[in-house]
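S.K.: Respectively, the protein sequence lines represent chains Z and E. Take the first sequence: its letter number 11 is residue 11 in this note's numbering, and every next letter is one higher. Take the second sequence: its letter number 282 is residue 478 in this note's numbering, and every next letter is one higher.
Treat the hints as calculated values from the structure; they're not laboratory data. C-beta: ideal position from N, C-alpha, C; glycine also. Possibly wrong hints are sitting among the right ones.
What the hints assert, rightly or not - FRET-style restraints, in silico, Cβ to Cβ:
| # | chain 1 | residue 1 | chain 2 | residue 2 | range |
| --- | --- | --- | --- | --- | --- |
| 1 | E | D336 | Z | D116 | 31 to 37 Å |
| 2 | Z | S160 | E | R445 | 27 to 33 Å |
| 3 | E | H322 | Z | S26 | 37 to 43 Å |
| 4 | Z | D116 | E | E280 | 38 to 44 Å |
| 5 | E | Y263 | Z | D98 | 53 to 59 Å |
| 6 | Z | A172 | E | S491 | 36 to 42 Å |
As the list claims (entries may be wrong) - A partial selection of chain Z residues facing chain E, derived with a Cβ cut-off under 10 Å:
| # | residue |
| --- | --- |
| 7 | T6 |
| 8 | P13 |
| 9 | F22 |
| 10 | G49 |
| 11 | V81 |
| 12 | S85 |
| 13 | Y86 |
| 14 | L143 |
| 15 | R146 |
| 16 | S160 |
| 17 | R161 |
| 18 | D163 |
| 19 | M180 |
| 20 | K186 |
| 21 | M188 |
| 22 | L190 |
Said to hold, decoys possible - Derived PhoX-like pairs: lysine-lysine, alpha-carbon spacing no greater than 20 Å straight-line:
| # | chain 1 | residue 1 | chain 2 | residue 2 |
| --- | --- | --- | --- | --- |
| 23 | Z | K186 | Z | K171 |
| 24 | E | K266 | E | K321 |
| 25 | Z | K60 | Z | K83 |
| 26 | E | K501 | Z | K12 |
| 27 | E | K321 | E | K300 |
| 28 | Z | K17 | Z | K179 |
| 29 | E | K484 | E | K494 |
| 30 | Z | K186 | E | K321 |
| 31 | E | K266 | Z | K12 |
| 32 | E | K494 | E | K446 |
| 33 | Z | K186 | E | K300 |
| 34 | E | K266 | E | K300 |
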Amino acid sequence: MSFLDTLLGRTKPVQPKLDDLFGLPSAAIQLQAATGFTPTGSGSVCFRGVDGKTFGDVQKEVRELLDLDSGKPDGGLPVEVSKDSYGFTWLVSNHMSDEMDGLVTDLHAVNTSLVDAGYGPQLLCTVVAFADDSHRRVALVYLYKRGTFYPFAPLPGGRSRRDNALEMQIKAAVAEDLKMEPELEKWMALWGAPGL
Amino acid sequence: MAARSRYAPDRGLTVRMTATMFLLGLVFVAFVALIIGVMTATHQSGAAIVVVALLLGGGTAFISLFYSDKIALASAGARIVTPEEAPHLHGIVDRLCALADMDKPVVAIAPTAMPNAFATGRNSKHAVLCVTQGIMDRLDDNELEGVLAHELSHVAHKDVQVMTVASLLAIVAGLLVRFAFYSELFGGGRRNNNQNAFPIILVIMAVSAVVYAVSFLLIRLLSRYRELAADRSGALLTGQPMVLASALRKVSMGMNRIPNEDLRAAEPLNAFYFAPAMKLNGDNSLSKIFSTHPSLEKRIEQLEKIQQQLNELSPGAKGLR
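Based on the provided sequences and hints, a complete structural model is requested.
M.R.: In structure tokens:
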């Protein structure tokens, strides 16, 4: 924030960075080779809904935008919309596990339509889920405002515990393909994120 | 295509805040110029008093700024909580910080029933965000998020630093009144040979008193504008102005129900709080100009205006593409 904005108590909305998402498919290949984690085909966009009924229309249009593809041969399945206990909206897109490119394209389409509509500052993160043979789950989370990724590995069963060792392992595996978030403080926990 | 923005700045608020800060600066410059003028005109050695007041006032302000987080936490009896102890509270703060792309402050809980929240700290790296048990019990998650967004906006706007600098003038002027008074009381006899000493001290005392009063009112005015600015930024961050308005209503109602003893103890922290801990008696215009916070009606009126703007600017009405 500039000195003048600080002095005047103004906040400039932070616009999201979108293009780094396209590093995900090659990172997924690296991840599989290094750790055995494969994409589950589930990806989601998390954003903060806005008061007022017109934003409901935006959500509807985003859903339609994604659902359009479902008729095509290589298209995805219809998106699910869910709301979490923090009041954030999740748009979940489900693909087959080998369709990383299609998934990323869908997620990018959601992001772009939200940003074009002026809701860029409301975007929180994009989450792509991975799993290994022993059914451990891990997510690669993309922080729009910082343009960086971080891994999030919730431990099964126990509430609100994460597997930090696994997260470090994942980070090392994909660090060449994706820009990782250097500040560990920003590795926000996403309990109850869909697809995890 | 450039993204449309829903964030229209409030020009009126910007202008009023600029004018207030300009006036404060003007008072400060005039004050210093006058003191220097009086000193040089009379070849007084009283300059030492001014220097001491400046150093002492500056030192006090600096220390209170540097330790503001620790002082505030201690006087509120608050305890820092880890993400494991309060996962949901941390979750809300995490998400707000990610949305606003700002550093996460230390999160603390004060075990008081009074529903309130404050944020302080000398910079964003040393910021602390504190909520009371009362506010967590009384508000739902969305409302709590609104309050936290308001407090995070105070951190983003560097309100603690701005208000510390602004109050420096009042501190120095207040010290000068006191010094002048004491030196008149105890040192007056020694200076009987100097014909000028008596009136000079009186002039400094009178000017300082006026400066103190004027700057005090301007600082309170500035504080009220910064509250409105934080309400505005907080509402835009969550996109839910009406939720913040309902939190404000609940907190203000809750504050009125608490016994007076509690409130008096909390009053020194007033400037940092979400809602004032102690209302000045009466609802007349005089009590309004002394208040650190704008009236509930004014804050809700502003939030309603923001809600209207959000509705009008919402793209749904025009279609997405």
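S.K.: Confirm or reject each hint.
M.R.: Each hint, compared with the structure:
1. E:D336 - Z:D116: 31 to 37 Å: Holds: the Cβ-Cβ distance is about 32 Å, inside 31 to 37 Å.
2. Z:S160 - E:R445: 27 to 33 Å: Because 32 Å falls inside the window, the suggested range holds.
3. E:H322 - Z:S26: 37 to 43 Å: holds, 40 Å
4. Z:D116 - E:E280: 38 to 44 Å: This hint holds: roughly 40 Å between Cβ atoms.
5. E:Y263 - Z:D98: 53 to 59 Å: The hint (53 to 59 Å, Cβ to Cβ) holds, given that E:Y263 and Z:D98 are roughly 57 Å apart.
6. Z:A172 - E:S491: 36 to 42 Å: violated, 56 Å
7. T6: holds, 5 Å
8. P13: Cβ of Z:P13 sits 5 Å from chain E, so the hint holds.
9. F22: violated, 19 Å
10. G49: holds, 7 Å
11. V81: With a closest approach of 15 Å, the Z:V81 hint is violated.
12. S85: holds, 7 Å
13. Y86: holds, 6 Å
14. L143: holds, 6 Å
15. R146: Holds: closest Cβ of chain E sits about 6 Å from Z:R146, inside 10 Å.
16. S160: holds, 5 Å
17. R161: Hint holds; Z:R161 Cβ to chain E Cβ min 8 Å, cut 10 Å.
18. D163: violated, 15 Å
19. M180: violated, 15 Å
20. K186: holds, 7 Å
21. M188: holds, 4 Å
22. L190: Result: holds, 8 Å to nearest chain E Cβ.
23. Z:K186 - Z:K171: Given that 20 Å is the threshold and the Cα spacing comes to 14 Å, the pair holds.
24. E:K266 - E:K321: holds, 14 Å
25. Z:K60 - Z:K83: holds, 14 Å
26. E:K501 - Z:K12: holds, 19 Å
27. E:K321 - E:K300: Answer holds: E:K321 to E:K300 is near 8 Å, not above 20 Å.
28. Z:K17 - Z:K179: Measuring from Cα to Cα gives roughly 12 Å; hence the hint holds.
29. E:K484 - E:K494: holds, 11 Å
30. Z:K186 - E:K321: With a Cα-Cα distance of about 13 Å, the restraint between Z:K186 and E:K321 holds, given a limit of 20 Å.
31. E:K266 - Z:K12: violated, 29 Å
32. E:K494 - E:K446: OK: E:K494 and E:K446 at ~15 Å, within 20 Å.
33. Z:K186 - E:K300: holds, 8 Å
34. E:K266 - E:K300: With a Cα-Cα distance of about 17 Å, the restraint between E:K266 and E:K300 holds, given a limit of 20 Å.
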